[in-house]
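Number of protein chains: 2
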Amino acid sequence: MALVAAAQHRLTPAATDAAIAALKQLLGERLSTAQPVRDQHGRDESWALPSPPDAVVFPDSTEEVAEIVKICAAHGLPVIPYGAGTSLEGHVTALQGGVTIDLMQMNQILKVNAEDLDVVVQPGVRRKQLNEYLRDTGLFFPIDPGADASLGGMVSTRASGTNAVRYGTMRENVLALTVVMADGRIIRTSKRAKKSAAGYDLTRLFIGSEGTLGIITEITLKLYGIPEAMAAATCSFDTLEGAVNTVIQTIQAGIPVARIELLDDVQADAINKYSKLDLPVQNMLMLEFHGTEAGVAEQAEMVQALASDHGGQNFQWATKAEDRARMWEARHAAAYACKALRKGCEIMATDVCVPISRLADCIIETKDDVVKTGLVAPLVGHVGDGNFHLSVVIDRNNPKEVETVEAFSERLVHRALRMDGTCTGEHGIGSGKMKYLTAEHGEAVSVMRAIKKALDPDNLMNPGKIFSL
Amino acid sequence: MALVAAAQHRLTPAATDAAIAALKQLLGERLSTAQPVRDQHGRDESWALPSPPDAVVFPDSTEEVAEIVKICAAHGLPVIPYGAGTSLEGHVTALQGGVTIDLMQMNQILKVNAEDLDVVVQPGVRRKQLNEYLRDTGLFFPIDPGADASLGGMVSTRASGTNAVRYGTMRENVLALTVVMADGRIIRTSKRAKKSAAGYDLTRLFIGSEGTLGIITEITLKLYGIPEAMAAATCSFDTLEGAVNTVIQTIQAGIPVARIELLDDVQADAINKYSKLDLPVQNMLMLEFHGTEAGVAEQAEMVQALASDHGGQNFQWATKAEDRARMWEARHAAAYACKALRKGCEIMATDVCVPISRLADCIIETKDDVVKTGLVAPLVGHVGDGNFHLSVVIDRNNPKEVETVEAFSERLVHRALRMDGTCTGEHGIGSGKMKYLTAEHGEAVSVMRAIKKALDPDNLMNPGKIFSL
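First to last, the protein sequences are chains A and B.
The first sequence begins at 181 in the working numbering and counts up one residue at a time.
The second sequence begins at 181 in the working numbering and counts up one residue at a time.
Calculated from the structure, these hints are not laboratory results.
Just to be clear, a hint being listed does not mean it is correct.
As a list, the in silico DSS-like pairs of lysine-lysine whose alpha-carbon atoms are at most 30 Å apart [what the hints assert, rightly or not]: (1) K580/B - K547/B; (2) K402/A - K580/B; (3) K250/A - K633/B; (4) K633/A - K633/B.
Since the model is a prediction, treat every value here as computed from it, not as a measurement.
So that you can see chain A by itself, here it is in the shape it has in the complex:
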């Protein structure tokens, strides 16, 4: 059953054709209207229904993106930026038709400033590509959302992931951006100094703006020295409370863990089946420590002591790079492992984040809800930040099941908001969570809308995402 979202085209077919013809003149073969190309660009990895654009363009420079945006602005045609397509809330669907700008040909690493611990990249560089490139410099870029996302996409969604607990999110790790505005102006948001008090923080405004304010065409990222020592560990718990309370105390004690991930028993079982591992089918923490040899040992001992106090068992170590890699591969395969649980089913990924003092409450209430509702929904979490996901396995062809899952998801969001949390810790709003934005931000949404209208008065930049206008 090939479902698509009902697009509400802004232009008539003739007006769209005229705009595309103008773009074709600029781009030649780097514009495609082939159905498979459009289909591929009309969806991400989310639960959102696909909605293909009218055309896809493949620019190779900031200036070319500016020309494209100017042509689209002149014709009133919407513009949607596209990276690796790994977003999770329907960020890239062409809900009002328009042109998708595929930025993956802009995949150059422009300059490593090793002394300054920063790097300038184009938006189509993927995070694994960047770290492979950096390996010989002794530096790395830590942010790791799991998927091998493009860095432009990671900026746009304010991505984070497993080691944000130590290194922060994209919010903390971008120094400067080059952005093409809705009218084709090119701006640079900041110089390369590590801090500045000069004017409004446009860098942070564009981070997480999901392509609704401009197209990001160049990114200056912070880098870090590869730690002298790294060690990973797993630890199992009979109860979820034990695992979560270990996390809470680790954070409160200020132990600078690099990663502290929770997997529940359902998830551990799914990973065993998918990744052919033999994890204990229990609630589990996966940890990583970065530092000097002595520092890593000290951190690990402190966490192990806290875990023991809360019923932690089977503290197992992985110090070899290959063992660590296998463990984190298994963690990153969690979503695919969930999908494999029921043939022909899809995953609806949830993503709330609460103050850590409420994390145990939020997880336990949610697990009760899963059991009562009868869902298959493994839980994983970047719990050091209070952020967790359920991968709800769902048969989209069963309307009753869809209804049940959507009601569950809504209860989860309101539970998190009630606990002073957010409806999305890291996936973003896209089209999937628009309905929760006002519940979370209230009157502040009117300020967001005013900014959107000021910077994109014709609502051409990724329209229908974050909020409707």
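Please build the complex by placing chain B on the supplied structure of chain A, with the hints as guidance.
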């Protein structure tokens, strides 16, 4: 000679009186038009000429601030927020007349969420007051700009200071804000979760907006556990290069120093005279290390080895709290020590920040310029971030000297910009650095202006700061 800035009043005296009468009805004795009160609120600690407001009001709640702003909006009267008055670029002068909102009666610490490592405060709380209040909780708020500033002011100017190298600036340490917008709407920018991908980052937009977009009336700040161990050290160098290169290598090695401050020989001499110390009259680094006992020792050994490689001498320790306190008091008194160098003179504080790879170049070129120009200008710097200040001692009554200093300051800014740095690392733009904003940000300033116009269409919020409209 009592210089004041020539205010360009927006309203006629009669219209101003009508607005003030309406405010008086709301506030009674918490509104003052007494000349000394107006004078006191018409200046900060900067070089900018004072410009008193027409009245000063002292609200005690967010709702009252909203009422004040609504009355001012209805009358077209400008509104200037005021905290401790320690800003350094003329942020609080009433250049177009209007009402100053003194927020120092809103000085309550509303809620410590110790488990979540955060605290909710009113904007008039000062940083020392907060840390005294927190002492028994084992937590602290690290950001330390030197002056005992109000937290509202620190948010508004994106302040940082000595230990930003470890803990970040205000940009990284605010979780959420309550803001009164130009039309009196009250918004809250974020929930209390540690991270979120839900909509535009309004928190960061208001941080550093210097009162030009709204009045901050409540702040949720991140807190940190007081480290198990702290140690401070000083080290002297014959050459500036030796000191600066020690800093650069410390940062590049990823050693998590909590503070790493540079003072040149001129500054060391000034501090000796003012604070009655016997620091060696040489270029000096002042360092602080935070961590476990073992971690602090490890960090300190690594830095000491780097310093020795660059000619560092007299590595001296201060592990007792009182010795550390005395050392940092002396550092914080640096500006006053400079002022004491020449009777009847004032200080013009500069504040550039460059990528750390350019720090030695920038400092050395600047010191050459000081010598050539014949200025008395001690240098201090938060050099771990690439940020440094010169306190230029200046006789305002000597027009030739003023001209010389202003030309020097302009050369310094352009030198920093040429090195991909910023015209202000932490003091802000205020009125003092408006002329450099476009040199630094180019076309991006038009985006800042568009946001300002969207959120404050009548330009009533601290007009004449950051940019003219």
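Each hint tested on the structure:
1. With a C-alpha separation of about 21 Å, the suggested pair K580/B and K547/B falls inside the 30 Å cut-off, and the hint holds.
2. Between K402/A and K580/B the CA atoms are separated by roughly 44 Å; this puts the pair beyond 30 Å, and the hint is violated.
3. A distance of roughly 23 Å separates the Cα atoms of K250/A and K633/B; the hinted pair therefore holds under the 30 Å criterion.
4. The straight-line distance between the Cα atoms of K633/A and K633/B is roughly 11 Å, inside the 30 Å bound, and the hint therefore holds.
In this structure, only the earlier hint numbered 2 is contradicted, and the remaining ones agree with it.
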